[in-house]
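There are 4 protein chains.
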Amino acid sequence: MIVVFKPDATPEQVEQILTKAAELGLKTNVSEGVERTIVGLIGPEDVLQVTPLAAFEGVEKVIPVLAPYRLVSREYQPEDSVVDINDHIRIGGSRLHVIAGPCSVEGEERLLEVAAKVKAAGATLLRGGAFKPRTSPYDFQGLGEEGLKILQKAGKEYQLATVSEVMDPRDVELMCGYVDVLQVGARNMQNFSLLKELGKVDKPVLLKRGISATIKEWLMSAEYILANGNFRVIFCERGIRTFETATRNTLDINAVSVVKQLSHLPVLVDPSHATGRWGLVAPAARASIAAGCDGLMIEVHQNPKAALSDGVQSLVPENFETLMRELQPLAHAVQREL
Amino acid sequence: MIVVFKPDATPEQVEQILTKAAELGLKTNVSEGVERTIVGLIGPEDVLQVTPLAAFEGVEKVIPVLAPYRLVSREYQPEDSVVDINDHIRIGGSRLHVIAGPCSVEGEERLLEVAAKVKAAGATLLRGGAFKPRTSPYDFQGLGEEGLKILQKAGKEYQLATVSEVMDPRDVELMCGYVDVLQVGARNMQNFSLLKELGKVDKPVLLKRGISATIKEWLMSAEYILANGNFRVIFCERGIRTFETATRNTLDINAVSVVKQLSHLPVLVDPSHATGRWGLVAPAARASIAAGCDGLMIEVHQNPKAALSDGVQSLVPENFETLMRELQPLAHAVQREL
Amino acid sequence: MIVVFKPDATPEQVEQILTKAAELGLKTNVSEGVERTIVGLIGPEDVLQVTPLAAFEGVEKVIPVLAPYRLVSREYQPEDSVVDINDHIRIGGSRLHVIAGPCSVEGEERLLEVAAKVKAAGATLLRGGAFKPRTSPYDFQGLGEEGLKILQKAGKEYQLATVSEVMDPRDVELMCGYVDVLQVGARNMQNFSLLKELGKVDKPVLLKRGISATIKEWLMSAEYILANGNFRVIFCERGIRTFETATRNTLDINAVSVVKQLSHLPVLVDPSHATGRWGLVAPAARASIAAGCDGLMIEVHQNPKAALSDGVQSLVPENFETLMRELQPLAHAVQREL
Amino acid sequence: MIVVFKPDATPEQVEQILTKAAELGLKTNVSEGVERTIVGLIGPEDVLQVTPLAAFEGVEKVIPVLAPYRLVSREYQPEDSVVDINDHIRIGGSRLHVIAGPCSVEGEERLLEVAAKVKAAGATLLRGGAFKPRTSPYDFQGLGEEGLKILQKAGKEYQLATVSEVMDPRDVELMCGYVDVLQVGARNMQNFSLLKELGKVDKPVLLKRGISATIKEWLMSAEYILANGNFRVIFCERGIRTFETATRNTLDINAVSVVKQLSHLPVLVDPSHATGRWGLVAPAARASIAAGCDGLMIEVHQNPKAALSDGVQSLVPENFETLMRELQPLAHAVQREL
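Protein chains in written order, with numbering that gives the first Met the number 0: chain W, 0 to 337; chain C, 0 to 337; chain S, 0 to 337; chain U, 0 to 337.
Okay, chain W solo, but in the shape it has when bound (with noise of 0.2 Å):
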């Protein structure tokens, strides 16, 4: 960490960080500028997070030098984590993996139907919510369990692993129950509860990233489960709110290769959301798997006009296996498989 004075801060000011690193166990570097004194601090920069140093007299600001996040970091395993969802399914690996289905499960048949379909098409997990985040509380808020236990059932009949969104620390356990990854969803991804109580379970968390999180917030929010004790986690990108409104959201791209660089978790891209518009989720997926994503996680809906959710981005069955057959000279232009 370094202190910046101020131009006019005294001696006293500038003594006063100096003790006060002494008795954190900190070592001190002092540097007289031309104009203000700086002072770094050596030593691990934990115990700084009780003291506000930009709280002192005299100080102009602070400035950070190592990144807040550990158990996620690169430095701290250099090497890529490679996340079992089942014995077939390794997420992170030079195999690429499609999460597909709909954004609701809206009921048995209607789910049977595009599990057969997706899979078929080559995805190799399921995804369907049975708790849905709506901002209205007058939207279809999901099925609930009896959601969860179609959910299993297609999973079972078509060899899918499946994927649905826990929103509530209650309904962890019930969820562990019935799907093989939990999902926690762009508008939880701050929510400190769950995230500590999925870092208790044995089971793979998908983690979305936060509507106006940075990349440092995502990561922490990882460092969450991780410091609790699942070190099961993969990203998965799905857009940013920015000031542009010809698409839902603005997928930022660049984040698949910076989480890659700081993180040796595996990373996902959704395209659906990230653009929320049916019509540009191909080119999204393709610019998702040339930038080095290690997967997709794509809304299929059989007949999106009665979707009961999320309809406008959601890819008819035809669209959706279109789209894995263009995928495949992609990934393999660069070096993956699909």
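Derived by calculation from the structure, the hints in this document are not laboratory data. A hint or two may mislead.
Copies of the same chain look alike in the list, so a pair counts if it works inside one copy or between any two.
[To be verified] Straight-line Cα separation of at most 16 Å, EDC-like style, residue types lysine to aspartate or glutamate; simulated pairs:
| hint | residue 1 | residue 2 |
| --- | --- | --- |
| 1 | Lys-195 | Asp-170 |
| 2 | Lys-304 | Glu-56 |
| 3 | Lys-148 | Glu-31 |
| 4 | Lys-5 | Glu-74 |
| 5 | Lys-155 | Glu-320 |
| 6 | Lys-304 | Glu-59 |
| 7 | Lys-116 | Glu-22 |
| 8 | Lys-195 | Asp-138 |
| 9 | Lys-202 | Asp-83 |
| 10 | Lys-304 | Glu-14 |
Note that this is a predicted model, so its numbers are computed, not measured.
Based on these hints, arrange chains C, S and U on the given structure of chain W.
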């Protein structure tokens, strides 16, 4: 709701929408323009929330006309809501109220001291976090129930109503036993499980705006609480995330008057989070009152240098007292008392 | 254009709009809803641009239906425009083109060296700034006309078309004497005096997206150039400003496909500015091609450590050559050549 | 400037930076941390602007310590600048000044009428655009020199100083012949050719903040004008672009006090553009004065329904007069006169 067709939409595609509207019990109004057809749908728009018209062939876009919130709207209740906290404190009337206190409850002695001082300076409510949402799992997470007990004691001792943040739906009942106002923090503004629980309690809720929530989304989150039965909701603007890094957040001062136009519920401002630096709190507080807010929420700590959280943005009691004095003539200038 | 009235609008207020519309030669379509009246105005919306209907009493909001751009739109010209740079280079066809070179022209020897290398690697256009828009008045501002002469010489020597930024309407004529493509930088995207001048010249214009320009505003800036007579406009996405600070800008990869849907003009991507770090340029370049862009603009400098500007985001020639090789199979995977 | 090395940086890589620093005449301060080495560079940072240290091997990031602006800074001049407009009007002193008038000059009769009214209400400067930056080439572009003549006449008739926007460096001389204050619009805040010209004239410059400009960039744009010789610069906050669409822009009220802390130059606020809706202008104006600005710029039009531009955000003269009356007690409450 208005459906705009593509220039090359066929009559059959228009017909498809008219048929669907008829099924839903809506009247339609067809307008054949120079370049394209437009259809207005007349009737309760709620029925359309499960039918994504934008997913129909030939449709270019769908434009909602009515706001999706009902109970929170000025149209539902034209006159201002005044939220009773207790027999003495009513938020939303001509009297402004100030919530003051430390970010976190750190110990009994410290809190009693600061409570005495903010009371003397004119605050009527005491804040203090017991469950803290922290970006890092390694930061101080709050004293939990112990903190609530201390807060309750300080409130009683100095006749200050108490406000504390609830993060987990499992803690709602516990908190109701100790505090007068339950606060929903910015990161939980769309934690719908939590909002539903808060709709069922007999306590006022202070609903902070999400870090990148639109005003519309903020109103919808309040709608969750009202729709579940609790009409005592108070909004709190606390700054939004923008590209500007000179301040921790950007205080959206326009939001105060926009919310006042759209909703009957009271609006506070938190200038501490909205600036992130204690030296900017006073002008932001003054601006908020001039803009027409119903009160303020300000972080005060007797020794910010030793604060376990948010020290940089906390006022010392002396500066808080000065600020309260400065705010008096401003309140009068906008026909309010403080 | 659709006029939505307030719930309490009077019949006289509605009549006032109908009268104004009749004066302007527009047909109207009145729709009496459950809660409010809506009036559609049918006819050329241009006449409404001088009449702010939202300022009329009783009007809640006015919703435009038609896009405000004409000449740049797909509706004006359904097939892709191919912009001829010279007899060999046509941007927007099946062949992708790469513009490469240093941020600024810094000297003849240096530029000739880098020109030789980017040519060998497969670039077909050479970039190099002579007039540099720098945030600080104390930063290097470019070599001016001397830089243009060097650029022209390097272009001739290696048969590379040349691209350079024009910042001042007074320089347009001068630049036309030296370079093949005139670039409008992000900061000047809404410098309308400059755009009008560029509408009158017989040179292609590379129009970068403004730092926080919406796609609609970007198209409107192109419309200025086309409306003044020059149809040879090439868009260049270079990242937008968001809250994320891990990268210099956020590459809006969705913008490539959105612009392709809305406009017939070609779209390039500049992954150097869109990331701001050389280590992120390659994945962003790959993603851009996969998303369907018509080419790339990449900063290359033989010694980034000594670059007078943008060294941090420049590739060394060896890395550029590697990237060009990697892009080949990706281009083929999306049915393009490079 | 502080250079942070990667954890695996070699001693040779550190040495390379030390050698470069020595060449540039800078002293260095090496700090060997637990995880990585940090080097502080002491001396004038200007010399580093042409040497991108972040491009050196082994360097993780480079953190600037000093602000890049000099002449505009509080450190350069601790006391407030007061900008003389003429013998009567001095902006930045205890007296607040209000610039009022229409967005565009639309004709002599209209302007004289509105000038009379804003003068009577207490405005001391008259605004009116003659060259208008419009998003669309098909919108009204202003009356040009004819507009300037009308503005000059109205100013003389009612003893109001005049303000008008300059968009093109070629128009600077012309405008100096007619108006008292030259305004730089938001879209031209980084039109460096224009800023350099304005540095050479003997007229005050009103520098609006760019639509997505950081405060630091805004100060740097002022630095261009001061560095070229003109110290009479007045800042004008006019709202920034964010994700929020309920208002045209987001008034960054914090910017007033941040700029006051960092710079000695005066700061106005334009609540008309910062809200975009006339019904929100009054609270935004009140907030701005409470926050400590030196004056306001407000759009006033006698018939907004017929305004050729910005009708929706213009006050009618009666509302402007009411607002001016309301602002009096607020100005007194912050120890200013109006």
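Here's how the hints hold up against the structure:
no. : hint              : result
1   : Lys-195 / Asp-170 : both (13 Å within a copy, 15 Å between copies)
2   : Lys-304 / Glu-56  : between (62 Å within a copy, 9 Å between copies)
3   : Lys-148 / Glu-31  : neither (67 Å within a copy, 46 Å between copies)
4   : Lys-5 / Glu-74    : between (34 Å within a copy, 10 Å between copies)
5   : Lys-155 / Glu-320 : neither (21 Å within a copy, 48 Å between copies)
6   : Lys-304 / Glu-59  : between (57 Å within a copy, 14 Å between copies)
7   : Lys-116 / Glu-22  : neither (64 Å within a copy, 30 Å between copies)
8   : Lys-195 / Asp-138 : between (29 Å within a copy, 14 Å between copies)
9   : Lys-202 / Asp-83  : within (9 Å within a copy, 45 Å between copies)
10  : Lys-304 / Glu-14  : between (69 Å within a copy, 15 Å between copies)
Hints 3, 5 and 7 from the list above are not met by this structure, while the remaining hints are.
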